[in-house]
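Since the structure of chain A is provided, determine the placement of chains B, C, D and E with the ligands on it from the hints.
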Amino acid sequence: MAALSHREGAGDPPAPSRVLTRREVWLRQQRRRAALIAASSMTAVLLAVVLIVPRTPGWPTVKKTFFNGARFRQDFPDLLGYLWTDVKLFLTCVPFILIWGVALAMMRNIRNPALFPLRAFAAAYTDLFRGIPVILTIYLVGFGIPALGLKGEFHLLWFGGRWNSAYLWGPVALILAYSAYVAEVFRSGIEGIHESQRAGARSLGLTQTQTMRHVVLPQAARRVVPPLMNDMLSLQKDVALLSLLGVYELFRRAQVIKDRTFNYTPYVVAAVIFLILTIPETRLVDWYSARHRRRTGGSQVA
Amino acid sequence: MAALSHREGAGDPPAPSRVLTRREVWLRQQRRRAALIAASSMTAVLLAVVLIVPRTPGWPTVKKTFFNGARFRQDFPDLLGYLWTDVKLFLTCVPFILIWGVALAMMRNIRNPALFPLRAFAAAYTDLFRGIPVILTIYLVGFGIPALGLKGEFHLLWFGGRWNSAYLWGPVALILAYSAYVAEVFRSGIEGIHESQRAGARSLGLTQTQTMRHVVLPQAARRVVPPLMNDMLSLQKDVALLSLLGVYELFRRAQVIKDRTFNYTPYVVAAVIFLILTIPETRLVDWYSARHRRRTGGSQVA
Amino acid sequence: MNGATPKVEIRNLRKSFGTKAHRRTVLHDICLDIGEHEVVCLIGASGSGKSTMLRCINMLEPVDDGEIWLHGTGGAVDLAEPGLDPDPIRRRIGMVFQSYNLFPHMSVLRNITLAPMKVLGRSAGDAKATAMHLLQRLGLADKADAYPDQLSGGQQQRVAIVRALAMQPELMLLDEITAALDPVLVGEVLNVVREMRNDGMTMVLATHEMGFAREIADLVCFLQDGVILESAPPAQLFTEPQHAETRDFLARVIASGRL
Amino acid sequence: MNGATPKVEIRNLRKSFGTKAHRRTVLHDICLDIGEHEVVCLIGASGSGKSTMLRCINMLEPVDDGEIWLHGTGGAVDLAEPGLDPDPIRRRIGMVFQSYNLFPHMSVLRNITLAPMKVLGRSAGDAKATAMHLLQRLGLADKADAYPDQLSGGQQQRVAIVRALAMQPELMLLDEITAALDPVLVGEVLNVVREMRNDGMTMVLATHEMGFAREIADLVCFLQDGVILESAPPAQLFTEPQHAETRDFLARVIASGRL
Amino acid sequence: GDDESTTTTQAPATDAPSTDAPSTDAPSGDAAACAEGKTLEAGMLTIATGDPAYPPYVIDDDPASGQGFEAALAMAVAAQMGFEGDAVSWVRTGFDEAIAPGEKTFDFNLQQYSINAERQQVVTFSDPYYSAPQAAIASADSTLQISTIADLKSLNIGVAAGTTSIDLVENVIQPDSQVQIFNSNADANAALVNGQIDILVVDLPTALYLSAAEFDNAKVIGQFPASAGSEAEPWGMLFAKDNPLVECVNMALANLTASGELATITDTWMGEYTEAPEISMG
Ligand SMILES: Nc1ncnc2c1ncn2[C@@H]1O[C@H](COP(=O)(O)OP(=O)(O)OP(=O)(O)O)[C@@H](O)[C@H]1O
Ligand SMILES: Nc1ncnc2c1ncn2[C@@H]1O[C@H](COP(=O)(O)OP(=O)(O)OP(=O)(O)O)[C@@H](O)[C@H]1O
Ligand SMILES: [Mg+2]
Ligand SMILES: [Mg+2]
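Taken in sequence, the protein lines are chains A, B, C, D and E.
With my numbering, the residue at position 49 of the first sequence is 49, and numbering never jumps.
With my numbering, the residue at position 70 of the second sequence is 70, and numbering never jumps.
With my numbering, the residue at position 104 of the third sequence is 104, and numbering never jumps.
With my numbering, the residue at position 112 of the fourth sequence is 112, and numbering never jumps.
With my numbering, the residue at position 279 of the fifth sequence is 279, and numbering never jumps.
Isolated chain A (complex conformation):
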């Protein structure tokens, strides 16, 4: 049998303007095909929607009550004016939720048998606050605690007021509830890191905390980005629940307009505003994760 071996230079051959390889040609074809499929299926779906929906008997009503152009133009700037309240509430809650959530996740991961009570506490906490509907937590904390008749003032970032303010207990309720969800997300991430990573870190003399901070959590956090985004997106919308406590925000505003006009267009407007807010977020996070994976990862199986 024959065995051949060529050597055309040890370094990389310079290739300023070369003929495409078979693979490159194929990749181009595939991309073109993909574009074609995408375009044609999009067109088909759009056509179907555009042709069928207006033929349904109720379309004029739906158009008037859900996709009312005049209302849209009027409500969009109106509702936008209330967005800042949601954003402020959201931004107030997020850091507390993340910190407390990570802390709870780490408590559940404690292995020292003497610290079992901490672990049990964290488990009980997550069970409790995931078990109770968020809305009930908001009711119980947001109406129950102020009803105790506390006196005084509070100041928290951009919010301030009396001790029974909805701007205090509302965020507290959300933090209590969402930290339980976020804790479980982080726990799944932490438990997903192979034990050998801990062994590697601890063998180098890193303490338990350093191991968490530099080795386990960074890997865990990256893995749980999608479910964490789930919770952040839910939170962004659940701040609207604080309207129960009297916070007047975007969603409440939409509701008021709807109840006044019997027209659902403000809800569509609210949905559009939320989408304008969230889609760039999710795209950015996705892009960032994909880039990190590409940079640090090995080869992908074809």
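Worth flagging that the hints you see were computed from the coordinates, not collected in a lab.
Every residue, glycine too, gets a C-beta built ideally from N, C-alpha and C.
There may be inaccurate statements among the hints.
Examples of chain B residues lying across from chain C (beta carbon under 10 Å, computed) [unchecked claim]:
id	residue
1	N112
2	A114
3	Q197
4	R198
5	A201
6	L204
7	T207
8	Q210
9	P218
10	T296
11	G297
Frame of chain A; chains B, C, D and E with the ligands shown alone:
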């Protein structure tokens, strides 16, 4: 220097009634200490609550409106009677959500460049339905689609009725929304499985589907149990949102009682019922995951 | 030695890693014929591209350019052809990875029987019997119900070998399959490889154990920086290397007492 | 050879795995003295307990019973004492794992400099200089910015070695550190190990390379089924083994051409 | 979470005539002197209503204008207590904000809250100022022929949350399929238009308002007779529990009754909202 080696039998020494080793003594001590800490901290917290809370000026009111014994006894069986509606709705949605969620997650994981449109579709879908508040999805689907004026009947498990029924479009709205969340949870699980696992499976001749089914998904599913439970618990409570469409279920019932009596005890009852339902679930799932980890895992780092 | 008909013909294989901006070619225009029922050993420094070459043959890495013809029942296919369905090919090719790639959620037995059952359609009983026989042979019968994370390094490696063997492929790609094994087991694996060859299997091995290569190979290829510098039967390559670089490598191997 | 003062004294070490119902003891009443500045090699069949023993010395596995005395600045500590804080101990002990355990989210350089910076408080510049020097020495300078998953097996193993070396521990535990290396690199690692010993480090190596053990060890321990059957300087153990089992193992090693 | 009702609360069914004055023997006196120093903010009366507030109770969702039954009544009461013009401030509350225990953001709240014993344990009500019968509406193109309550039994019936219409449906009509409760009149109306419910039960003034030209998609089927009134629960103004201001408001109401001003306001705003065919008990 000296080196010693004893051999006291190649097999395991039988140890029917032996003296405790140092480690066993220590473990016992630690457990006793843990129990002590747990007991004392619990007592301290309980004492604090029991002593402080009743001294607040508003406690009598809070007790009467949130923790009203007479109402509790009356509302508990009443509300329990409405639980079955929630459970039915939940059980109807879950299989669809899981199947559609996994399917979406797998679409996002497609690597064939020609199938890029599917991937883009799945990404757009999750972006859309995570971006819109669930409640808006329910409004838009639950009131919007029936408004198109469809005629006919439907039958789905235990539900049946007219084509504009809340029992049809309500679950559809929840499935649309929650499958987006669940898809992202599964995606994080799938992406967390190291590429070498795929390589191992594909090299054995397993197809893409078989690799997913037997190698990737089982590992992914186990890792994402906590965030998946998050979503299942949220769903269990969000079926209450279908009351917006007129479904008369537990939470709505609690509201009706509250609205009639201005007393929040029915909400506390609802919370208790949800906890009775969910805590055994979470404990069971946790126990099962821990057992699996113990059975298949290597040693844990001390 | 034998094998006038080639099993695999590699022609001008080129493979690179990295992004457009930072591209590093790790296999340069590799040409190699692997005869039917032959054992070909790839030797060379760490990082010279041995594993990458095996992965390319198994279609696990898309190649940049070149051809890899696999001959067998039903004619020849070019594994480097983009868009080729890999599944029917891969069931004819077995692979043992340098990092084992066992499935941690399955017991040893299930790791081994999964593919025979799902891909070849073997019955559970059949698959188990084959698996237990092979496990027995490599001294692992008592670990059938253990999980990969509960095994020692050498035990994991043996499970990986058994998993690939259980598929009874035409062509076997073996990446450093003796690295974690004790010398006694290395001898046993050597025997297994010999038997497989006699049963008609073709094999490509990447190995650092020159002794192993010398004993078993029909052809030894010396890789350096992604280039096959020299390939010859072991008797020739180890005693009269043609290339200055090969001589140098072997000299340093001998100097460090490893040949 | 030398080392009248022991660095590590292992007394009646016992270690088992599994649940109460399915308990398997993998180390039986191990007794061993490791002299200061000595190199002790653990040899034995795959699964005999070498890695487990190293992990016990590094407090990564809780031991069932026995004592492991570590001598050094500030007296002796018993590593087997339950509840002992492992952190100050572990920074005195380095370990290279059989499976490397590199951190996949960090570049090679960061893998190496993390512990010197966080544990020893080295400056970034210092840590980087040490790391680059060691990487250079093992032929990896151009991989400093790569990530573990982008490295070949042997490259990963070298990074693991460098990571442990960069901590300059008193005691080094090395688990099969040459398994994935080519013979030339094995020679280089041998040199590094020799230098480290001359610099005063104590080392325990688990290895399957008898040649390696013979060249470098002050003491070779032969493990079988979790028992140290025999321990002696290599000259003695490899030529006049006392135990029938040792003789048998060595005979089979020789028969398979691996000594 | 649930999207809690923020709607106006509807009135209970009752056969009490709309002219029924507060049945109180509270002494008429100087309500202004009484209110001195008892309001949330000195010199200022804070009145709450729903968001939005519907006609005929508040016209154009603008209570400060004093247009609409409750708006006009509240302004008259305020005037009695010495608060005129800028001294009256209107706020909006959701249902829960209004009823939750603890401090309130208003002196009193009126949005058709019906008085019952249980509620009175948590909040304090003024003397009643009105009560309205319940009525049923159907979508404009409905062909339903309803003459007796028995005709309703087989229908899908909807109500709005926070109303006592629920009691009427559950206790008197007792329909075959479960009552459907919606968060607001708007949602219930949408369900009615979609055919998800056949009829909607609300208080008669609201029913007449909903069937008015503005939305043009509902018509009144009929009002329920007095004998169907599950419990006659007239409407009162809502105060924080044991708020001393209630005395003064009651005093003002008594004065307004005595002077006939209450009857005038009622006639002005509610006069055209009392006419509808009656559904017989069958
Ligand atoms: N996914 C990847 N991304 C970037 N570079 C890679 C990747 N995989 C391998 N390489 C590089 O390609 C070269 C060849 O790697 P390969 O694994 O084939 O070496 P090898 O000959 O098997 O070495 P060893 O004997 O150490 O296993 C190495 O320099 C390695 O760093
Ligand atoms: N976490 C674990 N759970 C159960 N058994 C284990 C675990 N770790 C190791 N073992 C078992 O303990 C025994 C000794 O394992 P160890 O890793 O120490 O072997 P070794 O001598 O290093 O072998 P090798 O040369 O193959 O690396 C093996 O039989 C192994 O299966
Ligand atoms: Mg390799
Ligand atoms: Mg080992």
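Check the structure against each numbered hint from earlier and tell me which ones fail, lowest number first.
As far as the earlier hints go, not one is violated by this structure.
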